[in-house]
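Engineer: Below are the chains, spelled out letter by letter.
2 protein chains.
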Amino acid sequence: MPGEFELIERLCAGITLSKRTILGPGDDCAIIASRRSRMLVTIDSMVEGVHFRLGWGTPRELGRRALAVNLSDIAAMGGVPAFCVINLAVRRGIDAAFFDNMYRGLKAAARAAGVDVVGGNITRADQLAITIALLGDLPGAALRRDSARAGDEIFVTGTVGDAAAGLRILQGKLHAPVRARSFLVSRFLNPAARLDAGRALARIRPAPAAIDLSDGLLQDLGHIVERSGVGAEIDAQAVPLSPAYRAALGDDPSLALGGGEDYELLFCTSAGHRERDLARRLGLPVTRIGKIVKGRSVTVIGNRGASGGMRGFDQLRSRD
Amino acid sequence: MPGEFELIERLCAGITLSKRTILGPGDDCAIIASRRSRMLVTIDSMVEGVHFRLGWGTPRELGRRALAVNLSDIAAMGGVPAFCVINLAVRRGIDAAFFDNMYRGLKAAARAAGVDVVGGNITRADQLAITIALLGDLPGAALRRDSARAGDEIFVTGTVGDAAAGLRILQGKLHAPVRARSFLVSRFLNPAARLDAGRALARIRPAPAAIDLSDGLLQDLGHIVERSGVGAEIDAQAVPLSPAYRAALGDDPSLALGGGEDYELLFCTSAGHRERDLARRLGLPVTRIGKIVKGRSVTVIGNRGASGGMRGFDQLRSRD
Numbered sequence: 001m002p003g004e005f006e007l008i009e010r011l012c013a014g015i016t017l018s019k020r021t022i023l024g025p026g027d028d029c030a031i032i033a034s035r036r037s038r039m040l041v042t043i044d045s046m047v048e049g050v051h052f053r054l055g056w057g058t059p060r061e062l063g064r065r066a067l068a069v070n071l072s073d074i075a076a077m078g079g080v081p082a083f084c085v086i087n088l089a090v091r092r093g094i095d096a097a098f099f100d101n102m103y104r105g106l107k108a109a110a111r112a113a114g115v116d117v118v119g120g121n122i123t124r125a126d127q128l129a130i131t132i133a134l135l136g137d138l139p140g141a142a143l144r145r146d147s148a149r150a151g152d153e154i155f156v157t158g159t160v161g162d163a164a165a166g167l168r169i170l171q172g173k174l175h176a177p178v179r180a181r182s183f184l185v186s187r188f189l190n191p192a193a194r195l196d197a198g199r200a201l202a203r204i205r206p207a208p209a210a211i212d213l214s215d216g217l218l219q220d221l222g223h224i225v226e227r228s229g230v231g232a233e234i235d236a237q238a239v240p241l242s243p244a245y246r247a248a249l250g251d252d253p254s255l256a257l258g259g260g261e262d263y264e265l266l267f268c269t270s271a272g273h274r275e276r277d278l279a280r281r282l283g284l285p286v287t288r289i290g291k292i293v294k295g296r297s298v299t300v301i302g303n304r305g306a307s308g309g310m311r312g313f314d315q316l317r318s319r320d
Numbered sequence: 001m002p003g004e005f006e007l008i009e010r011l012c013a014g015i016t017l018s019k020r021t022i023l024g025p026g027d028d029c030a031i032i033a034s035r036r037s038r039m040l041v042t043i044d045s046m047v048e049g050v051h052f053r054l055g056w057g058t059p060r061e062l063g064r065r066a067l068a069v070n071l072s073d074i075a076a077m078g079g080v081p082a083f084c085v086i087n088l089a090v091r092r093g094i095d096a097a098f099f100d101n102m103y104r105g106l107k108a109a110a111r112a113a114g115v116d117v118v119g120g121n122i123t124r125a126d127q128l129a130i131t132i133a134l135l136g137d138l139p140g141a142a143l144r145r146d147s148a149r150a151g152d153e154i155f156v157t158g159t160v161g162d163a164a165a166g167l168r169i170l171q172g173k174l175h176a177p178v179r180a181r182s183f184l185v186s187r188f189l190n191p192a193a194r195l196d197a198g199r200a201l202a203r204i205r206p207a208p209a210a211i212d213l214s215d216g217l218l219q220d221l222g223h224i225v226e227r228s229g230v231g232a233e234i235d236a237q238a239v240p241l242s243p244a245y246r247a248a249l250g251d252d253p254s255l256a257l258g259g260g261e262d263y264e265l266l267f268c269t270s271a272g273h274r275e276r277d278l279a280r281r282l283g284l285p286v287t288r289i290g291k292i293v294k295g296r297s298v299t300v301i302g303n304r305g306a307s308g309g310m311r312g313f314d315q316l317r318s319r320d
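Residue numbers (our numbering), protein chains in the order written: chain B, 1 to 320; chain E, 1 to 320.
For the record, the hints were derived by calculation from the structure and aren't laboratory data. Mixed in with the good hints, there may be bad ones.
Below, a sample of chain E positions facing chain B; criterion: calculated Cβ distance under 7 Å [as the list claims (entries may be wrong)]:
1) Arg38
2) Met39
3) Leu40
4) Arg144
5) Leu189
6) Arg276
Take a look, some chain B residues computed to stay more than 10 Å from chain E by CB distance [said to hold, decoys possible]:
7) Cys29
8) Ala76
9) Phe83
10) Arg144
11) Leu284
12) Lys294
Cβ coordinates follow ideal geometry from the N, Cα and C atoms, glycine included.
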């Protein structure tokens, strides 16, 4: 295994920093220029054996995905990502080429998203883990979880359940035709943070409540419901399923309701927005799946195929 | 083991946030107000079995220490800590009371340092790990690693080697008289970030080069030497040793030169500053231990007791 400093040098090699980074990696702290008076901060982690296995994808995909799950949090606030610091926990038995490729993926994803990698820390551990703290700008309104109101309509971008199906394929728990398989697995391994869509949502007035789909549709909607002090009704038959999902799982939306890691956006707008108009604004397919109501709970209607008491994907409870 | 949301609620319970936090924990990101145009960012991690063992100290000490090692990076830049986000990797077999006490220590340390805990993330893992990303303000000049110049004099705050001796006592590798033992162990378990001293250093002109002693005096000085493109000469006999260190190890400064985690500040000022004046400014004992010279390497003179080729504490190489 390469030493600590060698790894930090590898991580920082060929890094491109914007003018906003006054002092990059290599000192006790980075110094950044905060252009606006408000900034976004988030932290997220991917742990080997919990969120990924080495055999599932390439090191490059792993690096890209570690950043993407953080970018998605910035997207879900309507923000613009700007800076990150990375903590890498490394274990024995992983060679330097692996880290080179992982960093390549990570740095390419950072560049594509306009993010400066301004610092890092490396520690030994028994499991590989990538923890990223990401800072972003908030040019306009924030998409908060606590601003949903009874009467709002609930939408999601893209299709839901693909990543959960992809994960189950990787785990050997689900079989699918070849083409569907590769689409679903790729949706798990290569999530795309919906940054442009988040920014577009932040221009709608009043600003929608929003969250990214990381834990699963029902569980994530549960966060909005809880923080907004409202209830929600979801039409299970309206949840958008991809052709690949249908090829693997038929018309049963259970996994789309409960499975996580799609990193699509779920948002609640005042009534009257048309799917087509929203799709044009967001640059993504948008589907109305239900409405915010008075109350405190999430009700699912029309879920003929689902088992009762379905919960979202909770990494702490459902170890693969 | 408590569930993810329960743990996040425990972490956030009773949290006090300043007016600078526009949106605290519970959304996709926190929203903070950046008062100044420049901000400091750092990330650091403590991993069970690498940086600590549960039996060594109390959960409260563990929480406090996890923040202190980050605060120390802000101190070493001359900054003022302001916000943090915490990633907690939890394993089976640790009960809720442990986390309550750890969070108590962490939140108390945050309050004392003026830090808002604005967000967190919790994941499962096989080892307990606390990773903190810390943001700070930089009201004046930065204390950089790359600004040491030949002719500068090298100083350290406090005493050096205590934490390394304390660690070896906890590991059963070193014996010491009872009173010395408790002092040294406490220096390891309860490091104090030198925030006031860092701020005071940042008011000296030209701004000193500085680093906090985390990896060990020689290794940390090596970072300054490398980034500044200079050499250094250290007088081993001048390195300040505590009475407890001497009680355990005699006059041999080897562990003080190589051992890490003291979280004192090492800094390089233009010649002519007197120890006594610096101590008054910084509010801490200050000792001159050498000088910056032309060249590229660190030379230690007068180290009669030391073995050759001594290196700093490198967590990746020297597993306990």
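Engineer: With a cut-off of 7 Å on the beta carbons, see whether methionine 39/E makes it to chain B.
Structural biologist: holds, 5 Å
Engineer: Arginine 144/B: least C-beta distance to chain E exceeds 10 Å?
Structural biologist: The claim breaks: arginine 144/B does not keep its Cβ more than 10 Å from every Cβ of chain E (closest is about 6 Å).
Engineer: Take a quick look at phenylalanine 83/B and tell me if its Cβ sits farther than 10 Å from every Cβ on chain E, holds or violated.
Structural biologist: Phenylalanine 83/B is in fact no farther than 10 Å from some Cβ atom of chain E, at 6 Å.
Engineer: Grab the minimum beta-carbon distance between lysine 294/B and chain E and tell me whether it stays above 10 Å.
Structural biologist: Since the minimum Cβ distance to chain E is about 22 Å, lysine 294/B lies beyond 10 Å and the statement holds.
Engineer: Is the claim that alanine 76/B lies outside the interface with chain E correct, judged by CB distances over 10 Å?
Structural biologist: violated, 4 Å
Engineer: The output says cysteine 29/B does not contact chain E. Does that hold with a beta carbon cutoff of 10 Å?
Structural biologist: Cysteine 29/B not clear of chain E: closest Cβ-Cβ about 4 Å, inside 10 Å.
Engineer: Per the CB criterion, is arginine 144/E less than 7 Å away from chain B?
Structural biologist: holds, 6 Å
Engineer: Would you check whether arginine 276/E satisfies its interface hint, that is, whether its CB is within less than 7 Å of any CB in chain B?
Structural biologist: With a closest approach of 27 Å, the arginine 276/E hint is violated.
Engineer: Arginine 38/E was flagged as interface toward chain B. Is the shortest Cβ-Cβ separation under 7 Å?
Structural biologist: holds, 6 Å
Engineer: Does the claim that leucine 284/B lies off the interface hold, with its Cβ farther than 10 Å from every Cβ of chain E?
Structural biologist: With a cut-off of 10 Å, leucine 284/B remains clear of chain E, as the shortest Cβ separation is near 18 Å.
Engineer: With a cut-off of 7 Å on the beta carbons, see whether leucine 189/E makes it to chain B.
Structural biologist: Check failed: Cβ of leucine 189/E comes no nearer than 19 Å to chain B, outside 7 Å.
Engineer: Using 7 Å as the Cβ threshold, decide whether leucine 40/E counts as touching chain B.
Structural biologist: Holds - the Cβ of leucine 40/E comes within 7 Å of chain B, reaching about 4 Å at its closest.
Checked against the numbered hints listed earlier, the structure breaks hints 5, 6, 7, 8, 9, 10; every other hint is satisfied.
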